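Trainee: Letter by letter, the chains look like this.
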Amino acid sequence: MNHGQQSGEAKHEDDAALTEFLASLMDYTPTIPDDLVEHYLAKSGFQCPDVRLIRLVAVATQKFVADVASDALQHCRARPAPVVKDKKQQKDKRLVLTMEDLSKALREVNNSSSLSSCF
Amino acid sequence: MSLLERTHDGETKDPPSSSSSYEFTHAAAKSAVAQICETVGYNHFKDPPLESLTGFAIQYILQLGKIATSFANLNGRSHCNVFDIVLALEDLSGNDNNAEERGCSALRSVKLREIIDFVKVSDDGEEESLFLQTLPRFPVSDKRKKMMVPSFVEVGESPPGKHIPLWLPAFPDPHTYKETPMWIERGLDPRGDKIEQARQRRKAERALLSLQRKLVCRISSGDGDRVWGDMDVGTVKEVIREAESEVPEDEKRDGVSVVEAFAPALEAARDVVFGEDHAEWKQKKQKKKKPVALSKLRTEKKFLGEPLDLTLQMKGEDRSMSLREEDRDDKRRRAEFILRQCMENPVDLNQL
Chain A
1 MNHGQQSGEA
11 KHEDDAALTE
21 FLASLMDYTP
31 TIPDDLVEHY
41 LAKSGFQCPD
51 VRLIRLVAVA
61 TQKFVADVAS
71 DALQHCRARP
81 APVVKDKKQQ
91 KDKRLVLTME
101 DLSKALREVN
111 NSSSLSSCF
Chain Z
1001 MSLLERTHDG
1011 ETKDPPSSSS
1021 SYEFTHAAAK
1031 SAVAQICETV
1041 GYNHFKDPPL
1051 ESLTGFAIQY
1061 ILQLGKIATS
1071 FANLNGRSHC
1081 NVFDIVLALE
1091 DLSGNDNNAE
1101 ERGCSALRSV
1111 KLREIIDFVK
1121 VSDDGEEESL
1131 FLQTLPRFPV
1141 SDKRKKMMVP
1151 SFVEVGESPP
1161 GKHIPLWLPA
1171 FPDPHTYKET
1181 PMWIERGLDP
1191 RGDKIEQARQ
1201 RRKAERALLS
1211 LQRKLVCRIS
1221 SGDGDRVWGD
1231 MDVGTVKEVI
1241 REAESEVPED
1251 EKRDGVSVVE
1261 AFAPALEAAR
1271 DVVFGEDHAE
1281 WKQKKQKKKK
1291 PVALSKLRTE
1301 KKFLGEPLDL
1311 TLQMKGEDRS
1321 MSLREEDRDD
1331 KRRRAEFILR
1341 QCMENPVDLN
1351 QL
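Protein sequences appear in the order of chains A and Z. Heads up, the first sequence is in our numbering, so the first residue is 1 and it goes up one at a time. Heads up, the second sequence is in our numbering, so the first residue is 1001 and it goes up one at a time.
Derived by calculation from the structure, the hints in this document are not laboratory data. Treat the hints with care, as some may be off.
Capping the alpha-carbon separation at 30 Å, the derived lysine-lysine pairs in BS3-like fashion look like this [stated by the list, open to error]: (1) K1066(Z) x K11(A); (2) K1120(Z) x K1066(Z); (3) K1046(Z) x K43(A); (4) K1111(Z) x K104(A); (5) K1111(Z) x K1066(Z); (6) K104(A) x K1046(Z); (7) K104(A) x K1120(Z); (8) K1111(Z) x K43(A); (9) K1066(Z) x K43(A); (10) K1120(Z) x K11(A); (11) K104(A) x K1066(Z); (12) K1162(Z) x K1178(Z); (13) K1203(Z) x K1214(Z); (14) K11(A) x K1046(Z).
In this text, all values refer to a predicted model and were calculated from it rather than measured experimentally.
Start from the sequences and build out the full structure, keeping to the hints where you can.
Mentor: Structure follows, in structure tokens:
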């Protein structure tokens, strides 16, 4: 009985937190515009009039891209710098998104998720 | 290449002839992904990795939508909710660890918690990097096509059968495929029109004949040799004024033509509209300097006194002595013709 009540209370708290999170999504505007996300979701049959869910998907995608990009950036930084003639140039390393870094980062993502089956 | 340059390049490379929305959305997604990478720390991009990362992002969205929809359908719903998305996120992440631990609450999902943390960090940290350009609402609906065939609801009609839903295009109007009765015009009153016409004609004839009479009287009385050419301006004006007074006010509208007919000038009478008598009248005009319009004037023609003065004066001054004799002969012939006409039309005289 107590356990049930506790789980019930926890459930209420979780629901409240979820509601709060969805409300906070309206304040935070994701980088990917809503129209674009809605267009791609409509392509796959996703039907929902609620803007918050669209934003949730946009934020999830943004997080996914940010994770991949940050992994690639780490690979880029980890690579030993090329031979530099001037000492000044050594500090200003050009951070360029290259195919090498990206493929390494995506490989990690594919290994850890079922996303590989989609591509 | 900096982000803005990349964005411009991405958009200008789109072929304008393509009708599909693929290029447009792909370019928008590419710029959004580049913006995200910029917030992560990158400041330069190469095109092939950016393209492939954009493709991955688009696929992520598509897969999320597809899996969330399938979860909703499994539960007998067509519209997705937050729980469907959370389940889809879990499915995509491939974490089987918390499959058993997943409780009733969606918040137990690891992925969702990660997203919440991500949002918090982004919100608390630097400013959110909004999408640089405003996207139009797409796909753009072709309103022309829509407006061509509105639905029953839009037209405000109820469909003829219960089996026809309201959102279908409305049926065409019956007059487009069925012969419907013509618009009934207001009732014709041919008798009334004829009576009115005859009345107006009689009035005009009365005035004309009285004028004729007066002119004839003047011609035949005392001044046997006097013809129109010798009649001075004042006399003609007087006669016409008398005739005018007999004519009711409302019939003086088209007086210009008749005035010009009376005027000795042939040029002034060019624009007269006599209908079928126009050709005949023109012949007479060419023979004489002063038109004899009384002979075959249509009864609709009216009289006006004022403009006559000017024309008569002008033309009187221009006449030379050599022409006068010819005019006199013409006028004499015309006067005789008028007399004959008066005698020949006993009907008109009786109406007076």
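Trainee: Regarding the pair K104(A) and K1046(Z), is the alpha-carbon distance no greater than 30 Å?
Mentor: Given pair K104(A), K1046(Z) holds - Cα atoms ~16 Å apart, limit 30 Å.
Trainee: Check the hint pairing K104(A) with K1120(Z) against an upper bound of 30 Å on the C-alpha distance.
Mentor: holds (28 Å)
Trainee: Measure nothing beyond the straight line between the CA atoms of K1120(Z) and K1066(Z); if it is 30 Å or shorter, mark the hint as holding.
Mentor: Status holds; Cα separation ~27 Å.
Trainee: If you draw a straight line from the CA of K1046(Z) to the CA of K43(A), is it 30 Å or shorter?
Mentor: holds (29 Å)
Trainee: Given the hinted pair K1203(Z) and K1214(Z), is their alpha-carbon gap at most 30 Å?
Mentor: The hint holds at about 17 Å.
Trainee: Below or equal to 30 Å on CA atoms is what counts here, so check K1066(Z) against K11(A).
Mentor: Distance of about 28 Å is within 30 Å: holds.
Trainee: Does the alpha-carbon distance linking K1066(Z) and K43(A) stay inside the 30 Å limit?
Mentor: With a Cα-Cα distance of about 9 Å, the restraint between K1066(Z) and K43(A) holds, given a limit of 30 Å.
Trainee: What's the verdict on K1111(Z) and K43(A), does the C-alpha distance respect the 30 Å limit or exceed it?
Mentor: Holds, at about 24 Å.
Trainee: Measure nothing beyond the straight line between the CA atoms of K1120(Z) and K11(A); if it is 30 Å or shorter, mark the hint as holding.
Mentor: holds (22 Å)
Trainee: For the pair supplied as a hint, K11(A) and K1046(Z), confirm whether the alpha-carbon distance does not exceed 30 Å.
Mentor: violated (47 Å)
Trainee: Is K1162(Z) close enough to K1178(Z), meaning Cα to Cα at most 30 Å?
Mentor: Holds, at about 23 Å.
Trainee: Taking 30 Å as the top limit, are the C-alpha atoms of K104(A) and K1066(Z) close enough?
Mentor: holds (27 Å)
In this structure, the one hint that does not hold is number 14.
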